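Undergrad: This is what each chain is made of:
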Amino acid sequence: MNDPLRKPLSLLEVARFRAASLVRARDFFTERGVLEVETPLLSGGVSLDVHLDFFSARFHPEGWREGAGSGDFYLQTSPEPHLKRLLCQGFPDLFQITKAFRNGEAGLRHNPEFTLVEWYRRDWELKAMADETLDFCRLIAGPRPVIQYHWEEAFRTMLGVDPLHTDRQTLLSRPEILENGLSSRDFPADADIFDFLMSHGVEPKLDPSVYTLIDQFPISQAAQSQAHPQHPGLALRFEIFSGGLEIGNGYQELIDASEYRRRFEDYRQARKALQKPCPKADESLLNLLEQPGLPACSGVAVGFDRLIMLALGLKSIRQALLFPWGEN
Amino acid sequence: MGMVSTNEFRKRLRIMVDGQPCMIVDNEFVKPGKGQAFNRVRIKNLINGRVIERTYKSGDTAEEADITNTTMQFLYTNGEAYTFMDTKSYEQVEIPKDAMDGAEKWLLENTECDISFWGDKPISVTPPIFMNLVITYTEPAVKGDTANSVTKKATVETGAEINVPLFLDQGMKVKIDTRTGEYVERAK
Chain Y
3 MNDPLRKPLS LLEVARFRAA SLVRARDFFT ERGVLEVETP LLSGGVSLDV HLDFFSARFH
63 PEGWREGAGS GDFYLQTSPE PHLKRLLCQG FPDLFQITKA FRNGEAGLRH NPEFTLVEWY
123 RRDWELKAMA DETLDFCRLI AGPRPVIQYH WEEAFRTMLG VDPLHTDRQT LLSRPEILEN
183 GLSSRDFPAD ADIFDFLMSH GVEPKLDPSV YTLIDQFPIS QAAQSQAHPQ HPGLALRFEI
243 FSGGLEIGNG YQELIDASEY RRRFEDYRQA RKALQKPCPK ADESLLNLLE QPGLPACSGV
303 AVGFDRLIML ALGLKSIRQA LLFPWGEN
Chain P
1063 MGMVSTNEFR KRLRIMVDGQ PCMIVDNEFV KPGKGQAFNR VRIKNLINGR VIERTYKSGD
1123 TAEEADITNT TMQFLYTNGE AYTFMDTKSY EQVEIPKDAM DGAEKWLLEN TECDISFWGD
1183 KPISVTPPIF MNLVITYTEP AVKGDTANSV TKKATVETGA EINVPLFLDQ GMKVKIDTRT
1243 GEYVERAK
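Top to bottom, those sequences are chains Y and P. Sequential numbering from 3 applies to the first sequence in the numbering used here. Sequential numbering from 1063 applies to the second sequence in the numbering used here.
The set of hints was computed from the structure by calculation and includes no laboratory data. All values derive from a computational prediction rather than experimental measurement. Note that the Cβ used here is the ideal one computed from N, Cα and C, for glycine as well. Hints are supplied without guarantee of correctness; some may be wrong.
Stated by the list, open to error - Far from chain P by the CB rule (all over 12 Å, computed), these chain Y residues:
(1) 159
(2) 235
(3) 261
Stated by the list, open to error - Pairwise CB distance ranges, derived in the manner of DEER restraints:
(4) 1239(P) x 141(Y): 43 to 53 Å
(5) 183(Y) x 1111(P): 14 to 24 Å
(6) 1214(P) x 318(Y): 44 to 54 Å
(7) 1065(P) x 12(Y): 53 to 63 Å
(8) 315(Y) x 1247(P): 38 to 48 Å
(9) 1081(P) x 318(Y): 49 to 59 Å
(10) 325(Y) x 1121(P): 20 to 30 Å
(11) 1250(P) x 144(Y): 55 to 65 Å
(12) 1121(P) x 317(Y): 18 to 28 Å
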């Protein structure tokens, strides 16, 4: 599929491949007894994350007038809060193929509006979730060997550094950081240094001909995953890459409602420090997480457009979309 | 000059990097799903021509480089500096040989060039893409050999040496691509 001499695909060929992939994706979940649901794209709550920015909109119940309207509504950065609300209410295994919106993200691998495939498996542990995610990737983007690293192992192999046992100052003196004139102030949290070294050091060295599964993230990068039961410094989170292309992000989901509340508050504080808008924590979700609570489950989000890029050997996400950003 | 944010970064934008005027050649948005966003840019140093990669945190700013381009006419050289005249203001500037960076070998009197200035300092001279120049020396022509694939050396009136097909002779005029220094065709 990556033959450079191959003729560029026409838009219609891309559209046909996307359509066939959507059918395959729905069959995949239906055969496995996973229920398709639709959740709001526009909601009064939004998933809180330090580095995910949202689009906001206003509702005008009494007709549209400049400056009027009630409250802020958000285009969803991910269906995660709504899918978790359904799981709390006793829903079975769920999947959704949906548009998600992330403000400010436009480039070779990012489109501000993109298609996510997200699903949850009740009583599944992370390993089973990672295996099923790889099955899904193979289904859409074709078979490739899988190479697996623990997060810290990926850093040691690609960069020769063990970031969790290296002090901040030494990490900040890495050539990837110094050569770009970046410094401590550019990385408010240690997790920001890890992310940078991951995206600028590790990812460019990943093999594009395989799927790379990275797991055992540090707890500072847990997002909404739970801590490893034996190693509380690690999180039950995995990511799947092909080369430097990030395809999927999965968690054995955090259950503890008070820990959700604490993490959301941390994200709010971090956003405040970055002078980013700080919406309230999503109480509709938090209330349900408290009572009746989230059942044991694992979940994953996969970038559908990126799988299409991979399947068709496209260099830019723009080629995988019928109306890319700027032409929409 | 003003500051430009990474979200205004685009190809050919001129910015200051480490005190040197540079041009953006390529700009890529890099962001891990949950991490901070960065712009990875390839930039060409406009003084020494070197291309390097540099990563900016998205939302950071860079100083715009004070680069202006002016069309100027080549007047004469004393061997060390080249004197040009602004065709509108008639103002003259002297450009040292090292800033000419090879452009001098295509210049005839009155040739119009595009000259870049960083502030007052001329940093590059771009001659017209095509120049028609007379061959002043080459081995005698091989009659009837019109193939372009076999070539010989020829010196043109500006002193530059190029490769030309065998059928060309002294006194003939040739069209040259100054970007590559290659012979294009015979000129009238």
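Undergrad: So, for every hint listed, does it hold in this structure?
TA: Evaluated hints:
no.: 1; hint: 159; verdict: 18 Å, holds
no.: 2; hint: 235; verdict: 18 Å, holds
no.: 3; hint: 261; verdict: 17 Å, holds
no.: 4; hint: 1239(P) x 141(Y): 43 to 53 Å; verdict: 51 Å, holds
no.: 5; hint: 183(Y) x 1111(P): 14 to 24 Å; verdict: 21 Å, holds
no.: 6; hint: 1214(P) x 318(Y): 44 to 54 Å; verdict: 45 Å, holds
no.: 7; hint: 1065(P) x 12(Y): 53 to 63 Å; verdict: 42 Å, violated
no.: 8; hint: 315(Y) x 1247(P): 38 to 48 Å; verdict: 39 Å, holds
no.: 9; hint: 1081(P) x 318(Y): 49 to 59 Å; verdict: 33 Å, violated
no.: 10; hint: 325(Y) x 1121(P): 20 to 30 Å; verdict: 26 Å, holds
no.: 11; hint: 1250(P) x 144(Y): 55 to 65 Å; verdict: 58 Å, holds
no.: 12; hint: 1121(P) x 317(Y): 18 to 28 Å; verdict: 26 Å, holds
Hint check: violations occur at hints 7, 9; the rest are consistent with the structure.
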